[in-house]
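Produce the complete structure using the sequences and hints provided.
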Amino acid sequence: MSYDESKTINIKESKSESKGKELAGGPPPAVVATTKAASMAGGGKRGVAILDFILRLCAIAAALGATITMGTTDQTLPFFTQFFQFQASYDDLPAFSFFVVANAIASGYLVLSLPFSVVTIVRPNAVGIRLLLLVLDTVMVALTTAGAGAAAAIVYLAHKGNTSTNWVAICQQYGNFCQRVSGAVVASFIAALIFILLVLLSAVSLRRN
1 MSYDESKTIN IKESKSESKG KELAGGPPPA VVATTKAASM AGGGKRGVAI LDFILRLCAI
61 AAALGATITM GTTDQTLPFF TQFFQFQASY DDLPAFSFFV VANAIASGYL VLSLPFSVVT
121 IVRPNAVGIR LLLLVLDTVM VALTTAGAGA AAAIVYLAHK GNTSTNWVAI CQQYGNFCQR
181 VSGAVVASFI AALIFILLVL LSAVSLRRN
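Residue numbering for the sequence shown follows UniProt numbering, starting at 1 and increasing by one per position.
These are computed hints drawn from the structure, not numbers from a lab.
Between beta-carbon pairs, the in silico distance windows are:
#: 1; residue 1: T163; residue 2: L57; range: 43 to 49 Å
#: 2; residue 1: L131; residue 2: D74; range: 38 to 44 Å
#: 3; residue 1: P94; residue 2: N176; range: 17 to 23 Å
Quick reminder that beta carbons are idealized off the backbone N, C-alpha and C, glycines included.
In structure tokens, the structure reads:
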């Protein structure tokens with residue numbers, strides 16, 4: 001009986017020692033795994049936020065370039081008469097004027113959104129700021145797409161004309177004008193595409209929360 005009692009005591013002591021070693025050695029493996037997973041998730045969100053900031057810089061270049069190009073586009077033909085001067089300017093067409101306003105608003109918004117994008121890099125778990133950017137980016141997608149679509153329709157008519165309504169293509173005479181407005185429309189569509197990518201990035205970041 002004495003041998004069995006000593007054996008039981010030794011077993012109890014070994015269990016208490018193992019518990020002491022677990023307490024002295026650090027947190028349980030489950031806690032360590034959870035901490036590592038949270039750290040990896042935070043790093044992924046920070047990477048998304050950095051990509052968001054870079055895309056906003058690219059969108060600024062595209063939207064601002066479209067605004068300046070369209071807003072400074074006009075061409076006067078070298079021949080004119082005493083009563084007529086053949087000139088084409090962006091503000092002759094309401095669609096081009098709307099295009100300039102839409103892309104100017106988008107450019108201003110993108111500049112103002114940069115500090116918020118920086119905050120999401122510093123604090124990748126900030127849900128409120130990310131949700132605000134998601135909503136406003138969605139609005140900008142609609143605005144830039146509408147402006148680019150309206151201008152694209154006029155550019156198409158300028159290049160091709162319309163025989164059914166007797167609208168003559170003018171790009172043969174106003175070649176420089178058509179090239180500039182076409183480039184502005186392409187830049188605006190690029191800005192709209194970047195806005196769509198920004199919306200997707202915000203959705204991914206919010207999904208991970």
